[in-house]
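Novice: Chain order of the listed sequences is A and B.
The first sequence lines up with residues 1 to 296 when you count with this note's numbering.
The second sequence lines up with residues 1 to 178 when you count with this note's numbering.
There's no promise every hint is true.
With a cut-off of at most 30 Å between alpha-carbon atoms, the simulated DSS-like pairs for lysine-lysine come out as follows [to be verified]:
no. : chain 1 : residue 1 : chain 2 : residue 2
1   : B       : K67       : A       : K28
2   : A       : K28       : B       : K141
3   : A       : K22       : A       : K74
4   : A       : K230      : A       : K74
5   : A       : K22       : B       : K50
6   : A       : K155      : A       : K28
7   : B       : K50       : A       : K23
8   : A       : K23       : B       : K128
I should point out that these hints are in silico values taken from the structure, not numbers from a laboratory.
Each chain, written out:
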Amino acid sequence: MKTSFKITFLLFIGINLISCSKKRIEPKEEQLNSYSSINSYYDSKKQQEQEFIIDSTGSGPIIGNQGTMIWVSKENLMFPNGDSVQWPYTVKLIELYTPKDMVYYQMPNISNGSLLTTKAEVRIRAFKNGQELVLRPGCFWLVKVRDVSPVSGMKIYYGVQSSGYVDWTNNPAGDFLVTTNGYFGNIAVLGWVSCSMSASVSNVTTNYTFSSSIDDLQNVSKFIYFTNAKCLMQVYGSTSGSLPNGEPIKIIFIGINSSNQLYFYYNNTQVSNSNQINLSLSPISDSQLTALLDTL
Amino acid sequence: MKKLKSILISIIFFLYCNFVFSQNFGLGAEGIYNFQTRSFGAGLRGEIVKNEISIVPQISYYPTFNKVSEFFAGASLHINVMSYGTYMFYAIIHASFNGWINYASSPLENAHFANWCVDGGLGVRTSKCIRPFVELRYNIKWREANLRVGVMYFFNCRDKGTGKSRKKKAVSCPAYKQ
């Protein structure tokens, strides 16, 4: 009898400790759908960096896959310590001409919080013996950015790292000049270069806050594309940057779970004062997502 | 409310009958603490003892100052398991009607006023006419544990000697003294 009582007692205490519930006084904790980092997926989709070995003066510009032209000059290059550069050296080029490619590279078009109308983003770098080279002060490389319908007023913006993302500045100041099927510009700094202008949008802005009762949005990649302004904004965290009221936008969120299943949220809408967006992600195939990004 | 009234009347009638006719009947009161809802309550109970088993009709109430305000009306079966000195350990099986008064303010989905509950537990009491008791019970429906501390008084009861009292000396009746 004593043994059976001890067993019963221990079982009872165990049940009490393990299976008690506060469900009548505390809200049920929802298990949100979790997502992995999207970076590996983007890496598999993004434009690859092109390499060109420069071993002589040559007869023409470097031409990238997307049509970017670069007139390189050894004399305008130097090592960071000021030493001259000898042949051969390597020029590396990345070309982002579409919102889709900018999404894959997570390279939005925002300059100090303001929207830029962007025709292209290119990254031009030069290396010698594995060391990155720089342009000599006051020297330039001529670059042609492709655009079948060029418009005047485009400026040279340079990408600068800021808190983990690239911000754009037009310092030093420079213009892209309209030419046949594109723009000419003299770039003064190697690295990320954008052919952009300040977007013509309303000064009245609002900020969208995104939340979900179903999905954990922490690892979800979030973008807003301004279809009229031709500007891509990335949302870091749960609140967007300043959105000009009345602008037509396409909101697209992309997530991937641990089974490599892609998820998305898409909303073709207009910026309004209803700035609390509660959303949930839906599964999507790679090809469907690619097609969707092509429509931005 | 009609259902509640009829249940209460039945319990009172049941207690009265046992009070009148039973030699092994007790009444008691208890204080209750529910660990999960962090609620304090009070209860009343009767107990009809039959050999190693007791039937214990009882009601309990958790006032409105608690996060969960409710009452229970039901009956327990106490089964003596083990004695230790004057203490008796017993197992408890309890079934009750649960009226959850402030169910509307609960985050629980599909909360209702009327519920039926089953508890299991263990208790310990003394074996005297006034019997303090402590019970730890587990409500299977709500998955909540509660601790009950109370005291029972048994009618028509005489405490047995502890064995330590002095033996009375045989005294001869003066009428027979020569």
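Novice: So which of those numbered hints doesn't the model satisfy?
Specialist: 3, 4, 5, 6, 7, 8
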